[in-house]
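Chains as they are written, first to last, in our numbering: chain A, 1 to 448; chain B, 1 to 96.
All the pointers check out, no bait thrown in.
The calculated DMTMM-like cross-link candidates involving lysine to aspartate or glutamate, where the alpha carbons are at most 25 Å apart (straight line), are:
no., chain 1, residue 1, chain 2, residue 2
1, B, 7, A, 32
2, B, 7, A, 43
3, A, 436, B, 68
4, A, 328, A, 286
5, A, 436, A, 78
6, A, 436, B, 66
7, A, 328, A, 279
8, A, 392, A, 425
9, A, 195, A, 48
10, A, 328, A, 278
11, A, 436, A, 447
12, A, 195, A, 43
Derived by calculation from the structure, the hints in this document are not laboratory data.
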Amino acid sequence: MSGACLLAEHGAQILVLDEQPAPGGQIYRAVERVATQGRTALDRLGGEYAAGVALAARFRASGCAYWPGSTVWQVTPERSVWVSRNGRSVHLRADVILLATGAMERPVPVPGWTLPGVMTVGAVQILLKSAALLPSVPFVLAGSGPLPLLVAQQCLAAGARPAAFLDTGSPSNMFAAMRHLPGALGLPARRMLAKGLALRAALRRSGVRVFRNVRDMRIEGDHAAEAIRFRSGRAEHRVEAQLVALHDGVIPSQQITRLVGCAHVWDARQRCFRPQLDDWGNSSVEGVMVAGDAAGIGGAASAALAGRLAAFEALRLLGRIDAAQRDKWAAADRRAMRAERAVRPLLERMFPPRPEILCPADDVVVCRCEEVTAGALRQAVAQGCQGPNQAKSFLRCGMGPCQGRLCGPVVTEVIAAARGQTIEETGYFRIRPPLKPVTLGEIALLET
Amino acid sequence: MFRRFDKDDTPLEFFFEGRRVTARLGDTVAAALLAGGAGPFRLTPASRAPRAPYCLMGLCFDCLVEIDGVANRQACMVPVASGMRVRRQPGPPSVA
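With the rest of the complex left out, here is chain A (with noise of 0.2 Å):
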């Protein structure tokens, strides 16, 4: 959005592709409608949400072509899209290409996982933000990182108590992580750190359970989840719970990069991988370039200044301004994202995703649709699979609907192990169109 803002604003020709009904993204989802219900409406989810209304209002005013319900199901090295909304798809082509298609939660596969009941906390959050949807059966948060507390506090301000608040998170990391503490003083991260506190200071006086240290988490039920069972400090516990919400951090949505045939490096800090990108956003693939989470996890404001410099360079791209000019616009925004940044190293030592959830026990589903397990994986290896794609005509893992974007990250990670090499030498699922279920009669409708 402020990518597009700035484009729009200094005259380029511009057409935003959105897969939601409005503009907000993930982080500022329905902020406009959350806007029209009132103060207390946007109190309730937080200051941060409600600095989306502004962006907001600025993206409507910016002039931009804005195309939102549409899902992009191709696109090419070549600039070439294939966009599908109201049952009807076209083809576009582009000088220049910014994908920010954001972040994704990590997948969190522990035993139970698949069954109904069992959400992810950002799945949560869109049901309060956008549907003002709150848990009517007895609820536990598990899961460690700034979005638990978040949601934690956004539930409690609206009326709905948690019956227990699982902190995945490990003591061990939050020690090992203060070594990055000065490198984080900026002033955004000060922010940050302070709003973490108040978050779990607000959390300790509602007095909803807490348990820390939280481990070995298995859901139970037959048909949907009906409890939680779990290891804390030397205990095991047991919560009823209709409806458990998982979290484990997240990664960069690599579906589009993919697609398009972008370079990947292995983020070991983050876990993940990314686009090999430039300052300024630029891929591997000419003309095609990524700002935000998608690029790497900076968070909301850092994506907001990613995306300010990608449309610097996309109007050097596009002949507009000289490379002299851009450097000269661009440098506050340089500045900015120094400061936002300098809290990462921080988080990310905090917040490691559990070894558990990355190789997860042989029992435990890591392929949803195709209910493949990380045993069947291990089999498949011992018996010769060498990688991802490999795995797909061993096992049909990640052929299901939802096309490996969920069991790609642990698919990877569990073949990585068993075969005793680096995750750079295992790679990734290769990603093809169409990325999302498009009918035969809208292909056979197209004009090319």
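Based on the hints, put chain B in the right spot on chain A.
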């Protein structure tokens, strides 16, 4: 599993498995079904295991339903409309 925490501004009605369900304008089909206590959205083709939404942002495809006769629609991405006919996806197609 979920309840509204503010007043319904624009109620509308649609059908799930032939049953009337009240939703509100702006809901996705998934949100409306979760608010309406729909239970599982589909059974998996592999083992007929029941599934309901996991991510609600278009990634997991566990919310797939049939909408107005078209199968495999992502309930979390489709805005609900008045009179819409939504059905559960009952596992693998039968081969007669």
